[in-house]
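Please take these sequences and the hints and turn them into a complete structure.
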Amino acid sequence: MSASDPLSGSTDPKSAGASPGSLPAPDADALAASGRLDALLAPDRKAQLIKGVIALVLAIVVLSLPFQYADFQLDRFSKVIAYAIAAMGLNLLTGFTGQVSVGHAAFFGVGAYTSAILVNDHGWPLLGSVVVAGLIAMAVGVVVGLPALRIRGLYLALVTLSLAMLFPQVVKRFDWLTGGSEGKPLRTEVDLGGGVIKPRTVRFDPPFGDLTSSQWTYYVFLAIGALFFLVAWNLIRSRMGRAMVAVRDNEIAATSSGINLARVKVSAFGLSAMYAGVGGALYALNEGNIVPDKFGVEDSIYLLVAVVVGGAASLWGPAIGAVAIVFLADLVPEDLQPASRLIQGVLLIALIIAAPGGLTGLIKRGQATVTRRLRSRSASQDTATAPDTRQSPPDSNEPSRTQEETP
Amino acid sequence: MTRSRNWRRSRLLAGALSLTMIAAACGGRDDSGGDAGGDSGGDTGGEEAAGGASIVDTTICADYQATAGVTDDTIKLGTSMPQSGPFAVFGGILNGLNAYFDYRNADGGIAGRQIELVAYDDEYKADRTSDNVKKLVEEDQVFALVSVLGTQNNVGVRDYLDEQCVPSFGVATGSPQWGEAAQYPWLQGGIPSYALEMKRLVDYLEEEQPDAKIALLRQNDDFGDAYENSLTSLTDANDMEVVAIETYDPQSSTDTKAQVDKLAQSDATVFVNGASGSQCPNTLKFVPDDWDVLTYVGITCNSKLSLSLAGGKEEGIISTQPTLDPANAEDQKEPAMEEFLTESVKHGLTQDDAELGVAAIGWGFGAQLAAIMEASPELTREDLMKTAWTMDGEAIGLMRPGSTLVTDGADDPWLLEALRVVKRTDGEWVEESPLKDYNGESNDFVG
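Protein sequences appear in the order of chains A and B.
Per numbering that gives the first Met the number 0, the first sequence starts with residue 0, numbered consecutively.
Per numbering that gives the first Met the number 0, the second sequence starts with residue 0, numbered consecutively.
It cannot be assumed that every hint is accurate.
[To be verified] Simulated restraints on C-beta separations:
1. GLN47/A x GLN64/B: 45 to 55 Å
2. GLU250/A x ALA61/B: 52 to 62 Å
3. LYS50/A x GLN64/B: 15 to 25 Å
4. GLY194/A x ALA61/B: 11 to 21 Å
5. GLY310/B x GLY344/A: 23 to 33 Å
6. LEU64/A x GLU440/B: 19 to 29 Å
7. PRO334/B x LEU341/A: 39 to 49 Å
8. PHE66/A x ASP391/B: 44 to 54 Å
9. ASN237/B x ALA338/A: 50 to 60 Å
10. LEU57/A x SER307/B: 48 to 58 Å
Derived from the structure by calculation, the hints contain no laboratory data.
Every value quoted in this text rests on a predicted model; they were computed, and no experiment measured them.
Think of the CB as a built atom: it goes at the ideal place given N, C-alpha and C, for glycine as much as any other residue.
Here it is as structure tokens:
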């Protein structure tokens with residue numbers, strides 16, 4: 000989050016003018032020698048603990064949502080998860096590999112239509128259709144990734160933009176397969192008793208217990224989302240992940256370090272499209288009806304917004320951004336609905352100004368502040384007992400502020 | 000070496016791109032007609048013939064709640080329509096609905112109860128409509144929906160409504176799919192079927208131009224399918240002929256000039272302008288002056304508001320009208336229209352809103368629903384729907400005097416089935432051919 004540091008530094012009144020009386024930072028050797036290192040590390044453990052507690056509370060909240068909200072709200076939460084998986088995929092490509100895609104709604108759409116066609120027309124099991132949707136989207140992603148070998152930056156953005164513009168048109172052309180502009184339902188024939196057989200929207204029915212299908216859908220989506228999160232988490236810590244970041248930061252340096260540029264870019268495109276495809280399939284299964292215009296430029300931009308709002312190159316970011324996609328419009332009061340778009344736009348601009356690193360950037364900054372407070376408090380306690388080590392250790396991330404904040 | 004690899008790559012890229020282009024270009028709509036309107040006509044006869052009400056069966060509902068949203072003094076209704084975004088102009092319908100319910104509430108309410116209308120914005124996006132409708136049903140617990148707008152949007156929620164057994168009235172599109180009442184008995188169309196519009200046009204041309212050659216500009220959606228299918232099947236049986244058809248995408252940002260130019264090359268004598276929204280008046284501007292043609296615009300395009308965007312090129316065109324026209328001097332003298340013009344401005348509309356025509360549609364939907372609620376023996380969802388499928392009365396609200404309000408379940412699911420033909424003369428619609436009632440026949444012209 001180095002980009003956000005200068006800004007936060009300058010808005011911090013304490014750091015505006017470096018206090019002339021501030022002492023030079025002691026180096027780590029000196030601290031270790033002083034035998035106070037353990038005591039100074041304690042705040043870090045405390046911060047770790049706080050982090051753990053927050054994560055636990057979040058997990059409990061996320062897991063208990065189905066028992067606190069009505070089914071229609073749960074359907075929207077499930078939609079958030081579907082978008083989050085797609086945004087996670089876009090983040091792997093844009094945030095980590097540095098390849099901008101303004102066409103990810105097309106991959107999302109490929110997944111959605113694959114799932115809809117398999118389930119509605121061929122009676123496939125729901126989860127089976129998700130797997131195939133992911134694979135087909137991946138194949139499309141690899142094909143689209145090929146131009147990315149030759150072009151970059153704005154030009155790549157334009158190529159992917161045209162993909163987003165084309166996709167709804169292609170879907171409308173093949174209306175015998177896709178249902179055309181009216182949309183494609185996901186239905187099965189259900190025997191309602193008394194000899195009445197009617198098509199009903201497909202849904203995930205719980206195999207046991209008395210959860211509603213909306214509650215169960217949410218848990219299924221949550222499990223799939225967690226799985227894909229873990230895969231991404233492991234991936235960016237792997238050799239492949241480092242290669243992706245290297246390609247983003249400097250292609251020439253990456254190549255000269257022996258990274259196969261073509262392989263990394265195409266894999267990133269394929270992988271990213273697979274995430275989008277799976278997200279799209281879940282979206283379709285949750286909505287029960289999809290329309291082609293849902294998968295055009297506008298929604299591609301929404302996915303980018305999710306990545307940026309959440310925080311690019313952060314694993315949690317897209318999930319938070321996906322919440323924004325679904326609920327941003329709800330923030331606008333009913334009386335102001337005619338100006339809904341304008342207000343959403345203003346909110347976004349305000350957010351980008353307040354938090355250039357996205358919401359995760361904001362959270363990290365908050366975290367850093369808390370850690371700093373804890374440290375300076377323990378440091379001032381130390382001052383009372385050990386006057387020669389009044390200063391907290393230099394933080395490798397934020398050396399200047401740690402120093403200036405110390406009394 | 001490097002060059003040849005680059006060459007291969009760029010060929011691959013070119014190949015991949017051109018494949019996508021080809022995919023976009025071919026395809027075609029050959030099979031499109033079959034699925035949409037096919038099952039609405041014939042197969043509804045047998046078991047449902049006993050009476051229109053029998054199509055309503057609450058035993059198969061997921062969780063039937065007979066009187067949700069109704070208390071001793073209030074009835075809660077819900078709607079979802081665009082109030083922002085490119086289709087925000089249709090939000091005027093909501094103003095009309097609000098004005099109508101406000102007017103009735105001040106006068107003691109409907110069925111002795113005050114009406115409360117909950118409205119959400121969906122920007123004309125089907126997925127948001129679906130979110131809104133679920134919220135209206137599950138959280139706001141509305142008794143019924145009114146005037147949900149858009150074919151995609153209604154198709155997207157009708158399965159859900161059918162499962163939950165929640166009535167939806169005054170569906171604000173004319174898709175022939177609303178004729179599938181046997182399949183979807185909880186949803187009733189609020190304006191005439193697009194297919195019926197074509198029937199009225201062809202009947203008019205029968206008198207004026209029995210050998211008309213017709214050029215059609217259509218949208219690449221259900222609305223376009225409806226116009227094309229009914230027009231081609233209606234002209235099969237007579238001396239008329241559809242000589243040219245051009246399609247455009249209402250969601251794209253390009254205009255219809257190229258399509259109109261092509262149509263003008265044909266020897267057509269009648270031009271059916273099947274565009275909607277602001278593209279419809281825009282299309283009128285593109286009709287070349289040397290194309291000697293009689294132009295028709297649809298019901299969704301003939302309001303004063305819409306034609307004010309045609310830049311004077313609307314003179315001499317024809318259209319059809321199922322309802323009174325708030326901008327027409329003759330119609331303004333009708334009692335129902337007088338009531339609308341005087342009362343609506345007392346209850347929230349401006350004089351302009353009232354005359355531009357969009358709000359009048361909402362007022363009409365409000366009156367339709369009020370009539371159904373008042374005729375319902377009890378205020379349960381089942382009785383309401385059964386009443387709606389067995390209407391047998393005269394014109395209500397802003398329907399043209401002389402038309403009937405008759406339904407009979409799957410055999411006759413349409414409320415508005417009487418149309419007159421009008422011609423734009425000196426900035427006003429003037430009757431060309433009188434009101435003709437096709438009661439019970441709307442499903443026959445789907446094609």
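List of violated hint numbers, smallest to largest: 3 and 6
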